[in-house]
Every structure is written in C-alpha cells, then in structure tokens.
Amino acid sequence: MIFSWQLLIMLILSGLFFTWFLFKPVKSGLSHNESNIAINKQRKEELELDINQGLIDDDQFQVAESEIVNTLANELRNNNKDNIEIKPINWSIAIFLCLSALSIALYSQLSPKFLPGSQVLSEPMTMDESIEKLQSFLDENPDDFQALKMMGLAQIGIGNAEESIKAFERAYIINAEDIDLLLQYASAIAATQEGQFDGKARVLIDQAFKLDPQSVQVLYFSGIVAAHEGNLKVAIELWEKALYLMPVDHPDRNIIKEALDTVLNLQVK
Amino acid sequence: MLIEVGHFALVLALVISLVLVVVPSLGLYQNKESLAQLAKPLVWAQGFWIAVAFFVLMTAFLTNDFSVKNVAENSNTQLPVLYKASAVWGSHEGSLLLWLFVLSIWTVAVSIFSKRIPSDLINQTLIVLGSLSFGFLLLLLFTSNPFERLLIPPIEGRELNPLLQDFGLAVHPPMLYIGYVGLAVPFAFVLSALIRGQLDSTWIRWTRPWTLVSWSFLTIGITLGSWWAYYELGWGGWWFWDPVENASFMPWLVATALIHSLSVSEKRGAFKQWTVLLAIGGFSLSLLGTFLVRSGVLTSVHAFATDPTRGLFILIFLLIVIGGSLVLYTWRSSLLQQSNPFSLLSRETGLLINNILLVTAMLSVLLGTLYPLILDSLDLGKISVGAPYFNAVFVPIMIPGVLALAVFPYVRWKKDSSSRVLNLLKFEWISVVLLTLLSWIFITRNIFVIIALALFIWVVIHVMVLLLKRLKAKSKVTMSFLGMVVAHLGIAVFVLGATVTTQLGIEKDIKMNLGETQTIAGYDFVFNGVSPHSKDNYSGFIGDISVFKNDRKVTQLRPEKRLYQTGMPMTEASIDPSITRDLYVALGESLEGDAWSVRIYYKPLVRWIWLGGLMIAFGALLAAIDRRYLVRFRS
Chain A
1 MIFSWQLLIM LILSGLFFTW FLFKPVKSGL SHNESNIAIN KQRKEELELD INQGLIDDDQ
61 FQVAESEIVN TLANELRNNN KDNIEIKPIN WSIAIFLCLS ALSIALYSQL SPKFLPGSQV
121 LSEPMTMDES IEKLQSFLDE NPDDFQALKM MGLAQIGIGN AEESIKAFER AYIINAEDID
181 LLLQYASAIA ATQEGQFDGK ARVLIDQAFK LDPQSVQVLY FSGIVAAHEG NLKVAIELWE
241 KALYLMPVDH PDRNIIKEAL DTVLNLQVK
Chain B
1 MLIEVGHFAL VLALVISLVL VVVPSLGLYQ NKESLAQLAK PLVWAQGFWI AVAFFVLMTA
61 FLTNDFSVKN VAENSNTQLP VLYKASAVWG SHEGSLLLWL FVLSIWTVAV SIFSKRIPSD
121 LINQTLIVLG SLSFGFLLLL LFTSNPFERL LIPPIEGREL NPLLQDFGLA VHPPMLYIGY
181 VGLAVPFAFV LSALIRGQLD STWIRWTRPW TLVSWSFLTI GITLGSWWAY YELGWGGWWF
241 WDPVENASFM PWLVATALIH SLSVSEKRGA FKQWTVLLAI GGFSLSLLGT FLVRSGVLTS
301 VHAFATDPTR GLFILIFLLI VIGGSLVLYT WRSSLLQQSN PFSLLSRETG LLINNILLVT
361 AMLSVLLGTL YPLILDSLDL GKISVGAPYF NAVFVPIMIP GVLALAVFPY VRWKKDSSSR
421 VLNLLKFEWI SVVLLTLLSW IFITRNIFVI IALALFIWVV IHVMVLLLKR LKAKSKVTMS
481 FLGMVVAHLG IAVFVLGATV TTQLGIEKDI KMNLGETQTI AGYDFVFNGV SPHSKDNYSG
541 FIGDISVFKN DRKVTQLRPE KRLYQTGMPM TEASIDPSIT RDLYVALGES LEGDAWSVRI
601 YYKPLVRWIW LGGLMIAFGA LLAAIDRRYL VRFRS
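As you go down the protein sequences, you meet chains A and B in turn. Following the numbering used here, the numbering of the first sequence begins with 1 at its first residue and continues without gaps. Following the numbering used here, the numbering of the second sequence begins with 1 at its first residue and continues without gaps.
The hints are simulated quantities; they were obtained by calculation from the structure and are not laboratory data. Please note that the accuracy of each hint is not assured.
In silico DMTMM-like cross-links for lysine to aspartate or glutamate, where the CA-CA straight-line distance does not exceed 20 Å [what the hints assert, rightly or not]: (1) A:K44 <-> A:E67; (2) A:K200 <-> A:E169; (3) A:K241 <-> A:E258; (4) A:K87 <-> B:E33; (5) B:K69 <-> A:E177; (6) A:K41 <-> A:D58; (7) B:K415 <-> A:D58; (8) B:K69 <-> A:D144.
A quick note: this is a predicted structure, and the numbers were derived from the prediction, not measured.
All chains, full assembly: derive it from the sequences and hints.
As structure tokens, then:
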C-alpha cells in the first residue's frame, strides 16, 4: 500500500473538522410544530388572497379554511423530549478512530501496490534487485496480475525467457483478456522459438486481435505473424492501418515504417 | 502522488458517508442533538473530498497523465483542452464520478439552503442522501475505480469517441445529471418523512422547490441533448426515441407529474399518497436509467460500460432502493391523511388527469424501452422498437394533456360550475376558431399543423387572459403563477415547433456536381466543391455551398467530413439557423468525378423545439423562487 504524509494530513483534517463541530454544533432550526403552524398560516393567507381575487367563493373558503385548521390539528405533536448532552471528546476520538481505521483498511485493499515510475524517485535499482523485490512481493501476493506481468517483462529483460514465460502464464490464468500481456507473452514464447510466432505465440496474437483489432500494437504483431507466414499483402494492410491510426509523432512509428519498407522491398524483388 | 490523493479522497468520502448514516441517526433517535446536528458538517466534508477526487481526475486528463488507465483510454495529447476536460465524463468511471459529484453538490445545497426547514427533517434527509452516496461510492471504488493505475504507462493515450468531441456533449451530460440526480432530493425528503412518520405539511412544502429546480435542469439537459443530436449526428433529427434518451425522458415525465401533484398536496392537502409514490418513482426511474446506461445492456453511444459486475451491482442497489422505499411506504401509508374531497369539475380533477396521462405516457415509453431487452434476455429473438411505436402511442396520450393545460388553470380549486368555465372559455374559443380559420386560408392546409397551431393560439390567448385577469383584479402576480404561465407557453411553443418541423420540413439526399444548383423551399443551394482540411486530431474534407434566395446571397455553408485518428468517420453538418427556419447541409460520400452526395434539409421552426424546452425550464426556476419558499419563519 502507498500511504504518504498527504493522506495522513487528509485524515487529520477530516478528524479536526468533525471535532470542531462536535464541540460547537451547528445551531438547530425550527421544530416541526413551528414549521407546520407557519406553513398552514401561510396557506390560510393564500386562501384569503384567492377569495379576494374571486378565485373561490365564500362557501369554498369556509370549507377550505376548516380543512386547514383540521390538517394543522392533526399535524401538531407533543415533541417535548429532553435533549441528551454528549461528551464531545469521546465522540471526537471515536469518530477519528473509526475514520482512520476504516479508511486505511479500505485503502490498503484498493490502492495500487506500485506507483508507476516510483523507482525513479529513489536510487535506481539494478534489474536483479528489481526481480528480487518483485519476487518477494509475489511471495506475499502470488495472484497479483500486474506484478506477475512485470516479472515476465523483467525476466525477458535479462534474457531469461523460460522464467518470463512462467510468470506470463500465471498472469494469463488470472486475466486472459489483457492485450499487453497477450503480446508480451507471445513475444517471450517467440524468443524461445528463434523469433518465430508459431504455435501458442500465434494463438495469443490472434486472441489479442479478436479483442482489439484497432490496437496499433496488435496490428503490428499481427503483421509480423502474417509476414512470417508469407502473407505479405495482409502484413502490408495491417501495418498501413497501424500507421494510419498512429499519431504522427508516435515513437513506434519508425519501427512499423521500417517493417513495412522491408516487406514492400521484398515484394518488389 | 496526486492520483493517490484523489483515490484516497474517495475512500475518505465513503467512510464519511458511513459515519453520516450512523452517527446523526443515533443522534436523532436518542435525542442527542449534537450528534444529529453533525449531519451537515459530515455532508460538507463528504462533498469536499468528492470534489477533490473529481478535480484530481480532471487534472490528470488536462496534464496527460497516462499512468491513469482512465486517462490513457479516453484522452491523448492531441485532444483540445475543452474535450480533455469533458473526457472526464466521456468514460464510464468518470461519468459515475460526475454522478456522485453532482449528488454531493445537491446534498451540500440542501444542507445550506435549509434554514427554513425543521432540523430533524433536514438531518434525516441528509442521512438518506448520504446513504445514496454510500451506495454509489461503493460502486465506484469496487467496480469502476477512475484512478486505476497502469503499471507501464503508454506514451500516448487513445482517442476519445469523436461523437463526444463536441461542445454540446461537453455541457449536456452535466446538465442532465444535475436534473437526473436532483430527483434524489424529493426522494430523500419523502423517505425522511416516511422514516420519521411525519407526513405533514412541512415535507410537501419543502419537496416542491427542490423538485422544480431538478426538473428544470433535467429539462435543460434533455433540450441540450436534443440540440446536440440535431447538429452532430448529421441527419437533422431532434429526437430518436433511443433507449438512452428514453432513460432520461421517463424520470422527466414522472417528475412533471410530481410537481403538479405536489401543488395539489401543498395547496389542498390532497393526493398525498400519490405524491409519495411519484417521488419514489421519479428517482427509481433515474436509477433504472443509470442501470440501463451503465450496465451495458443497451448498445448506444452512451452505453460504454460492458462489465456485468457493474450492472449487477447497480441492479442490486436499484432493488434495495425501490424495494426498501415501497416497504417503507406500505408500513407508513396509514399515517397519510385521507385526501380532502373535491368535485368532478375542479382544478384537482385537471391535475389528476394530467398525472394519469403523464404516468401512462411514461409507462408506454418504459414498455417500448424494456420490451426488446426482456425478449432478448429470454432468448425470444431480437426486436427493435422505434419511432413508429412511440409516435403512435405517446403522441395520442399527450394531446389531451395539452388541451387540459388550456382549460384547467381557469377552473377553481375544490368545486366549480361548468357554466362559469364555459362562459370564460367562450371568448377564447371564438378567437381560436377565427385565427385557426385564417391560418387555414393563408398559411397551411396541413391538418396536423392546423391542430398544433390551434393549440398554440389557445394557450397563448389563455395565458394572456389569465395575466389580464390578475392585473385587472390588481392582485399580485406571484413567481409561482408566472412560472406556470411561462412553462405552459413553453409547451405550446414546443408543440408548434415539433409539429411544423416534422410536417413541413423538407429533406433531400442528392448527388451534386461541381457548380450544380438545387432549389429547396425557395432557396437555391449552389455546390462550389470540396477541399481537403485538417485540424488537431482529425483530417478530412470541407464542402462549400452558397445559398441564395431571390438571387440574393443568404449564407455560405461549409459542411465537413472528418476522419479521426481512430479511423472513425464523422459528419459535421453546417447550419444556417434562424428563429423561423434552419438551412441544414451535411456532406455524404465522394462520388465519381467532382460529385458528392449531399443532404439538404429545410427545417421550419425547428429552433422553437429548444426554445420551448428552455421556456419550460425557466418557468420551473421562476416557480422555485416563489416568495413562500423564501420567507423565513420565525421560531
């Protein structure tokens, strides 16, 4: 859980705010009886206005007036209940404790386990240190999808494709619809097959294509699969679509352009 | 870290809403005033943290923080600033956060403008509103977290749906939500009265102004949505009976019935049970609309949520709210006083007719909206219920309602005589018949337009007569009366605009060659060609059409065909608006040579539709600031 001084200040501010109002409560307004008397008085005034304007005749006025009186009589209640004083300090502490305990407990369940780029804030770690830290986190949280995915990426980063595939496989069991995972997993498998997207690697890319045929990354990888299978026309179509969908200044643009140029040259030859 | 502050602010708001439900309730039931009075500070704190969360998310959008999944999926660096801000509610998560933010604004408003309301009623109302916030905060945090982080942030975000990249869509959802969510306030007042067993004059008095304000915003929201659909979707329609449109229209119909029913309950002490049911029904329909849109059961531009967990959560919440309210109603219904009696010819009868018609109309829309979904869910086939059904069922139900609004404001409360009413209406009917005959001779022979025109003339004369009578009697014209007059005039303006534009509008889908002229309704449209065009996050073509009338240039129209980065094509119509007619041109497809397919529409009085809508909303706002809601009672 990421918990910082900012969040602590938020908690303290909330606690102090409620404490203030427990010691100095907001003034209470009217009672129900006072309100009902005032409203029915107003209704009677409106009724008098209606008869003055000729909107009702005298008989109706009499009936309506008695209805107002009856209504008010029915609404008036004996509300003389004594107010029980409280000890504000006890309630302040109880509310603050409840607020803190529940907020922290809930936030620890809901908050992200890592901040993206948080490592930049501290001393940069080596890849081995990162893997070690990730592993210890995974020992405590074996089903954390993001951590497993990160482990897969880190392992492939140090050239350990087998371990990477294991981590990706565990992540895949948790969520088989994450496009990024499907592509990274396929790449890791391809790394053990001399760069060939055959078998499961191909199945994963097809799965990603079904999930999001508009994704630039998916189009790029699907193009690679098509090119490897010799379907150059399909590869060109996919990469052209990817280039079309990409912003002009997208950093991956050149990679796709290069791949496209290579295939176009192959076609010319 | 800012994102975590936003996330934690939502968690804090959730816990505070829980404290709001528990602590002031203890205060109310144990007569500990200090605890009961804590409801207001709790509401303020909850509202503050929800506002913090909302603005943190907006900051993430404005600063292109793609480490937030929601931002990465709905915004990119190329998006103009206005649409980056409005992209906050362009996604399911952000939209729910807006829902919650609006609910917190309403709750804080109720707590601030409550000096004239008894403390125990207001505290109980805040507790009910707090429990609604609690439910929505649970939904947001557990199924639709808007602050979910991406471990590996992309360098660039995705495109916001181009349909949503529009000024109309930037302002229409907040307005609609203000109205939609605002119906929670009358619901909370009613529920508080039921819980406390104090179904007296007070809750009726204070429910009405809040209902009027939320109804007014709902009207503005629906009007803006209709205006947006007209100019953005490219086929010139102003209402499509789309299930999502219906989802906001159904609570509007019930809320319309509610404000009329409340006026009877407030003035005459009648219809109290019915009023309670309408207040519950109005908010329940708001929740049903939220379920339909957010659960993904509908396929529409609005329905971007497809996660069944969310749908299930909202459905359970919906069942708890509706079921709980109805159980409470059944338990307390014996406390509701018997209605004061009224005769057949009385204003109460008119308002009863109004209520029956509005609720029947709502049920017809509900049936048309839910029927295809029910059939589909039972695997009985897919059917589409469209405009023909709604026009055939809805319009005939509403015509007597419009007639009633021209008659019953004349009729006295409680009891009246037919001879007196007929005598008063005599002058109006003669004027209406004369003016309608003149219209028949000089303007149009279209029977539907003539009927709408007759209704319009009747309502206008009726309003003038009512005003003159008041001025003649030297009686005060109250805001409530003025509001009613403006809103009823708005209905007449709307009915005339809708009928004329539907019946007399001209639509042409044609092929136009370079330099070709097409004549529609006396206007000459000259096609000057199409040129390439690009801007910010799209490229495409822009057409050039000159419009002449009697050889005098009227306007230059420049419709666009856009292709956004996602590859989604969009048609941007070009419109020459005026109060009497709109000239509307949309670019179709490129044909052979320099030819293009072009849609040209002539839309007489189309602006009256939205003018009428705005008048209705303005009328409601006027009624909401009536003196009796502003006078402070002395304790």
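- Given the hinted pair K87 of chain A and E33 of chain B, is their alpha-carbon gap at most 20 Å? holds, 12 Å
- Query: Between K200 of chain A and E169 of chain A, is the straight-line Cα distance small enough, at 20 Å or below?
  - Reply: The hint holds at about 11 Å.
- Query: CA of K241 of chain A to CA of E258 of chain A, is that 20 Å or under?
  - Reply: Measuring from Cα to Cα gives roughly 14 Å; hence the hint holds.
- Query: Are the Cα positions of K415 of chain B and D58 of chain A separated by 20 Å at most?
  - Reply: Satisfied, since the Cα-Cα distance of roughly 12 Å is no more than 20 Å.
- Would you mind confirming whether the straight-line C-alpha gap from K44 of chain A to E67 of chain A stays at or under 20 Å? holds, 10 Å
- Task: Could you grab the alpha-carbon distance between K69 of chain B and D144 of chain A and see if it respects the 20 Å cut-off?
- Result: Holds. K69 of chain B to D144 of chain A sits at ~17 Å (cutoff 20 Å).
- Keeping to a limit of 20 Å between CA atoms, is the pair of K69 of chain B and E177 of chain A held or broken? holds, 15 Å
- Does K41 of chain A pair with D58 of chain A here, judged by a C-alpha cut-off of 20 Å? holds, 19 Å
This entry satisfies every hint, going by the numbered hints stated previously.
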